[in-house]
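Going by my numbering, the sequence shown opens with residue 1, and the numbers climb by one from there.
Treat the hints as calculated values from the structure; they're not laboratory data. Any given hint might turn out to be false.
Pairs of lysine to any residue residues, derived as SDA-like cross-links and limited to a Cα-Cα distance of at most 25 Å, are as follows [said to hold, decoys possible]:
hint, residue 1, residue 2
1, K5, S65
2, K33, Q75
3, K73, E44
Pairwise CB distance ranges (calculated) [said to hold, decoys possible]:
hint, residue 1, residue 2, range
4, P72, H49, 28 to 34 Å
5, E87, T54, 34 to 40 Å
6, V92, R123, 20 to 26 Å
7, T54, K128, 57 to 63 Å
8, C56, Q31, 43 to 49 Å
9, D88, K33, 33 to 39 Å
10, T54, L6, 16 to 22 Å
Please read these numbers as outputs of a predicted model, since none were measured by experiment. Glycine included, C-beta positions come from ideal geometry on N, C-alpha and C.
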Amino acid sequence: MSRQKLEVADIFRAYGPAWRRANAGHVSLTQLKVMAAIEACRTEALGGHVAACTKCGHNHIAYNSCKNRHCPKCQAPAARDWLARAEDLLPVEYFHVVFALRAERPAGGARPMSQRSALCLERKRANKMIRQALRRSRSL
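Please build the complete structure, drawing on both the sequences and the hints.
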């Protein structure tokens, strides 16, 4: 597989500093961290490891990846794997549904809900919403 000529990381490294200065105060810390992770991905900044050939002695340096879920370099293999599995799927429509977890705080001095309890509650809410949407779509 050949390497792409231009990557998001190349653009971030070339234009990111100026863009961050121009947009200071309008970019979240999370967005800045994502940019920094993508810029550092598979570079000396994240360290690496050396694989040595036992026959010829050739050393191959492989730099560590950032493993950020927004990084196209890190997520490309997962996307390729998913596409390869797509041919094994049944010939029916699939829907990918994503629900955000609430960041609710308990009222007063109540004890905070455990993460597991919160996930169960959110799952129940999500299932209820899906069932309601299905009922509405069937009545159309």
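For the pair supplied as a hint, K73 and E44, confirm whether the alpha-carbon distance does not exceed 25 Å. OK: K73 and E44 at ~16 Å, within 25 Å.
Satisfaction of the hinted span 28 to 34 Å by the C-beta atoms belonging to P72 and H49: The hinted range 28 to 34 Å is violated for P72 and H49, with Cβ atoms some 22 Å apart.
Are K33 and Q75 close enough, with their CA atoms no more than 25 Å apart? holds, 17 Å
Taking 16 to 22 Å as the hint, is the beta-carbon distance of T54 and L6 inside that range? violated, 36 Å
Would you say the C-beta atoms of D88 and K33 sit inside 33 to 39 Å of each other? Given about 36 Å between the Cβ atoms, the range holds.
Pair hint K5 and S65, alpha-carbon separation not exceeding 25 Å: holds, 19 Å
V92 versus R123 beta-carbon gap, inside 20 to 26 Å or not: Holds, at about 23 Å.
Can you let me know if the beta-carbon spacing of T54 and K128 is within 57 to 63 Å? holds, 59 Å
Range hint 43 to 49 Å: satisfied by the CB atoms of C56 and Q31? holds, 45 Å
Do the beta carbons of E87 and T54 sit within 34 to 40 Å of each other? At roughly 38 Å between Cβ atoms, T54 and E87 fall inside 34 to 40 Å, so the hint holds.
Hint compliance for this structure: hints 4 and 10 are not met, and every other hint is.
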